[in-house]
Each structure stands twice: as C-alpha cells, then as structure tokens.
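Visitor: Okay, here's what each chain looks like letter by letter:
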Amino acid sequence: SAVISQKPSRDICQRGTSLTIQCQVDSQVTMMFWYRQQPGQSLTLIATANQGSEATYESGFVIDKFPISRPNLTFSTLTVSNMSPEDSSIYLCSVEGLADSYEQYFGPGTRLTVT
Amino acid sequence: SQQGEEDPQALSIQEGENATMNCSYKTSINNLQWYRQNSGRGLVHLILIRSNEREKHSGRLRVTLDTSKKSSSLLITASRAADTASYFCATVPHSGAGSYQLTFGKGTKLSVIP
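Read top to bottom, the protein sequences are chains X and W. Residue 104 in my numbering sits at position 104 of the first sequence; the count goes up by one each step and never skips. Every number in my numbering is 115 more than the matching position in the second sequence, counting from 1.
If we strip away everything but chain X, and leave its shape as in the complex, we get (with noise of 0.2 Å):
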C-alpha cells in the first residue's frame, strides 16, 4: 500500500488568505484525489489530479477557490484561496490502490480553521 503525507497537518488561517496544502506519496500513481470533511460530515470530492493534465473539479468546486498542481507522479498541492471561516474543514488527499483494486489509500489529513 502507498503511503501519504500531508503538510501541514493543521493550520489556524485568517479569512481572507490562501493556505497551500501539500501531499507526497512514496510510490508513483497516476490519479491523486482531493476531498473536504466539513465538520460532523462525510468526505466530499473537490478534484481528480492527474499528471500531465489540468485537475478534473467537481460541481461544486472552481479552479479559482481550489487551485490544484500535480506536477510530477508524487506529489500534488491544493490551495484553499481567499478562505472564509466556511473553508474550515479537513481537507484529504488519497491516491488510487493497486491498478484495478478502485480503492484508495488517503492521506491524515489537514485540519484547516478559518477565523
């Protein structure tokens, strides 16, 4: 199984700015998700990032709020822009299992809180 890190793991943000999450993966995949916990909720997916491609979004979810790099097979960044107190959730990455498995190997997450 692959295994995810993510950084920062937590972060308190003013509204107004924008918060670069990070997510490594020690294997190469091809497809790296995004989702948001609001919280008390389920996951809910932002973005499907692949490499070589813009980030698929989403209904929902705009490049302009979340904007996604996915620059090699390991690594991906999401931005959570011009943040609101809304924005605060847990936000994961996974990436997809074995080929043909469908499932996915997540991230621990980052804890956002916006004041």
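Be aware that a few hints might be false.
[Unchecked claim] Computed footprint of chain X on chain W, listed as stretches where at least three residues anywhere in the stretch have a Cβ under 8 Å from a Cβ of chain X:
#	stretch
1	151 to 165
2	168 to 175
[As the list claims (entries may be wrong)] In silico DSS-like pairs for lysine-lysine, Cα to Cα no more than 27 Å straight-line:
#	chain 1	residue 1	chain 2	residue 2
3	X	LYS65	W	LYS221
4	W	LYS221	W	LYS171
5	W	LYS141	W	LYS171
6	W	LYS224	W	LYS141
7	X	LYS7	W	LYS221
Worth flagging that the hints you see were computed from the coordinates, not collected in a lab. Remember, predicted model here, so these are calculated numbers, not experimental data. For each residue, glycine too, the CB sits at the ideal point set by N, CA and C.
Please arrange chain W on chain X, whose structure you already have, making use of the hints.
Guide: What follows is chain W alone, placed relative to chain X:
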C-alpha cells in the same frame, strides 16, 4: 451528491458485542467499499465487495450487499474498544467517466465501551 446513506448515525455498544451498520445507495455500482476513520484522521480501507458478490468476510468483518435493494451492511463481531471510530461506505459507479471516483455516505460513529 452523496450516494450512500448510513444508519445508524451513531452507535454505542459494550465491548464484546457485535456492531451492525447499514448503507444505502442510489445508482448502479461497480463495487462498494467500507472505510474507517479514527478521530478525524485519514481513512483506512477495510473491505471491498463487488456488485456480483453478496457476502464477504475479512477477520471480524462481514459485509453483505443486496443490489436489488441498493443496500449494504457491515458487521463487526466481538467488538473491541479499538474499533471506536467512524465508518463510511463508499461506492464506485458501474461504468463511464469517473469510474474510479468514490462517493461517500454520511458515516456511522461507533463507540465501543470497555
């Protein structure tokens, strides 16, 4: 949009008892998976059941799938305090674009009392 709906939302049991959580979904699926999340941390994959399977076991876990009712259940037998966590079902669509994307249910928060 949310695909799975788990019930109960919260479950509290004594150590040694069995815990059953249910999940319902709305559209045709390729497979359904169960994940565990401890204290707002990352998710851990527990088990996957394909649409052509009806039951699957892994250690103390037993998962059933009823595609006619679009529902699944997760049974944890002989629960332990360490099983305290939130449990989520997640579905993968049958085919087409996004066929590797997971759609998560709302989750069941399980508390196992020592």
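Visitor: Each of the hints needs a verdict: does it hold here or not?
Guide: We went through each hint and held it up to the structure:
As drawn, the stretch 151 to 165 of chain W meets chain X at 7 residues by the rule of a beta-carbon pair under 8 Å; at three or more, the given contact holds. With 0 residues bearing a CB less than 8 Å from a CB of chain X, the stretch 168 to 175 of chain W misses the requirement of three and the coverage assertion fails. The suggested pairing of X:LYS65 with W:LYS221 holds, with an alpha-carbon distance near 25 Å, which does not exceed 27 Å. Restraint check for W:LYS221 and W:LYS171: satisfied, since their Cα atoms lie roughly 22 Å apart, inside the 27 Å limit.
In summary, the hint linking W:LYS141 to W:LYS171 is supported, as the alpha carbons are separated by about 21 Å, within the 27 Å threshold. Between W:LYS224 and W:LYS141 the alpha-carbon distance is near 22 Å, which keeps this suggested pair within the 27 Å criterion. Taking the CA atoms of X:LYS7 and W:LYS221, the gap is about 26 Å. The hint holds against a cut of 27 Å.
In this structure, only the earlier hint numbered 2 is contradicted, and the remaining ones agree with it.
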